[in-house]
Amino acid sequence: MLCDDGRVGGVARGSEPDTARGRSWSTSLLDTITAEGLDPAYRVAADRRSVGGRSGHRRSGAAAGAALAVIGLLFATAAAQVRASAPAEARTRAALVDRIERRTAETDALQSRVAGLRAEVARARDQVLALTAMGAQAAENLQRLEQAAAVTPVEGPGVTVTVDDAPADEQPLGTEPGTPPAAELSRILDVDLQKIVNALWAAGAEAVAVDGQRLSALTAIRSAGEAILVDYRPISPPYTVSAVADPALLEPRFVDGPAGRELRTLAEVYGIRYDVTPVERIRLPGASGVTLRFARVVGAGS
Amino acid sequence: MIAVLGLVAGIVLGLVVQPTVPQWLQPYLPIAVVAALDAVFGGLRAMLDGIFDDKVFVVSFVANVIVAALVVFLGDQLGVGAQLSTGVVVVLGIRIFSNAAAIRRHLFDA
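Sequences listed follow chains A and B, in order.
Numbering-wise, the first sequence is residues 1 to 302 according to the working numbering.
Numbering-wise, the second sequence is residues 1 to 110 according to the working numbering.
There could be a bad hint or two in this list.
Partial chain B-side listing against chain A, Cβ under 7 Å, derived [stated by the list, open to error]:
{"hint": "1", "residue": "ILE2"}
{"hint": "2", "residue": "ALA9"}
{"hint": "3", "residue": "GLY10"}
{"hint": "4", "residue": "LEU13"}
{"hint": "5", "residue": "PRO19"}
{"hint": "6", "residue": "GLN23"}
{"hint": "7", "residue": "PRO27"}
{"hint": "8", "residue": "TYR28"}
{"hint": "9", "residue": "ALA36"}
{"hint": "10", "residue": "ILE51"}
{"hint": "11", "residue": "ASP54"}
{"hint": "12", "residue": "VAL56"}
I should point out that these hints are in silico values taken from the structure, not numbers from a laboratory.
Model, not experiment: these values are computed from the prediction.
Cβ atoms here follow ideal geometry from the backbone N, Cα and C, with glycine treated the same way.
Kindly generate the complete structure, drawing on both the sequences and the hints.
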């Protein structure tokens, strides 16, 4: 299709070569573009010169040299401009990264200040409440309620249940048609974690935490897409569910209960890994983000 | 010979002087570079074919640059600047490649 002998419209159709004007426009656009790569004016000028009896080409005159000088100038300017703007872009990016880091540090500082102020408020409150008998009673009630609401950290012996997705190379046995694809079934779902937590509560746990997130009455375990969220914070496998209780009582009740059976079935059929271990000492942090919603003046209609 | 000297002189001059391109001209610089490349490759192929003519070369270079800049300018005014610019670059690129293929056949008989 490409003729390099200067002939235009190089598809061999058996007809004589014709100029650009006489060529049929039914040739495709790409043919046109590639065939006219060599400016037809060159061929026309050469023909005209050979007709006039002079040599077939007229090599580099001054005009060509001047045009090439301009072209060289153009290339050099464009290249220089690209090099000049590159540091500017790098500087902008570095400035943005710096701003992000500074704001993150500011946020962290503010959060730690909030935690410190909260602790100060609690201390002052306890001091004031300890001054009167009614205040001491209120303080005792408050402590009881805070423990129930999982605000205070808890420490003691307990049990740790660790669950993990099936290893990538293990295939679940016999998935039936109509069930979700194998990859989904060999992952731990939020309902699995919910069942484990519920079973731990039912077996007598005093406090439960998932991956270090203490569960309060308002904490949700849900999934968003493929990730599991505990208290709207994403966690990743392997998942650790810790419970504070007497391990001698908790462990057999959990393992023999419905959750233990379910975990065994999941391990057999889908290859999910799990482990139940008693621990001598666990410390579970208090639930974060607990807001005060309801308060009443002491002595007024209590 | 004069041609090559002219090209080298232009490049050296550009690197030394480092002219600052005015702001309104900057979007057309890349398209002018591609148009210039097309003219250079066309001239090189014509030279190897034995039909080089410097008047045709100068006219083709100037016309290429002006037409390409005009098309891009028109596109900017009508809101299709990026697409027209892409189209111009594609067409000029195809011409550059077909000329380069012819040059390669001349140089290496391959």
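*Double-check ASP54 of chain B for me: the hint is only fine if its C-beta lies closer than 7 Å to a C-beta in chain A.*
holds (3 Å)
*Does VAL56 of chain B pass the interface check with chain A, least Cβ-Cβ distance below 7 Å?*
Interface hint status for VAL56 of chain B: holds (5 Å vs cutoff 7 Å).
*Let me know if the C-beta of PRO27 of chain B comes in closer than 7 Å to any C-beta of chain A, holds or violated.*
violated (12 Å)
_Take the shortest C-beta to C-beta distance between TYR28 of chain B and chain A; is it under 7 Å?_
violated (11 Å)
*Interface hint outcome for ALA9 of chain B [beta carbon to chain A under 7 Å]*: Status holds, d = 5 Å.
*asked:* Let's test the interface hint: is any C-beta of chain A closer than 7 Å to that of ILE2 of chain B?
replied: holds (4 Å)
*asked:* Can you verify the interface hint for ILE51 of chain B: is its Cβ closer than 7 Å to any Cβ in chain A?
replied: OK, holds: ILE51 of chain B within 7 Å of chain A, min 4 Å.
*May I ask you to test the interface hint for LEU13 of chain B with respect to chain A, counting a Cβ-Cβ separation under 7 Å as satisfied?*
With a minimum Cβ separation of about 6 Å from chain A (threshold 7 Å), the hint on LEU13 of chain B holds.
*Is the hint on ALA36 of chain B kept, meaning its closest Cβ partner in chain A is under 7 Å away?*
holds (5 Å)
*Using 7 Å as the Cβ threshold, decide whether GLY10 of chain B counts as touching chain A.*
Nearest chain A Cβ about 2 Å off; hint holds.
_Hint validation: GLN23 of chain B versus chain A, beta carbon distance must be below 7 Å. Holds or violated?_
violated (12 Å)
*asked:* Quick check on the hint: PRO19 of chain B CB to chain A CB, less than 7 Å?
replied: holds (6 Å)
In the structure shown, a violation is registered for the earlier hints numbered 6, 7, 8, in ascending order.
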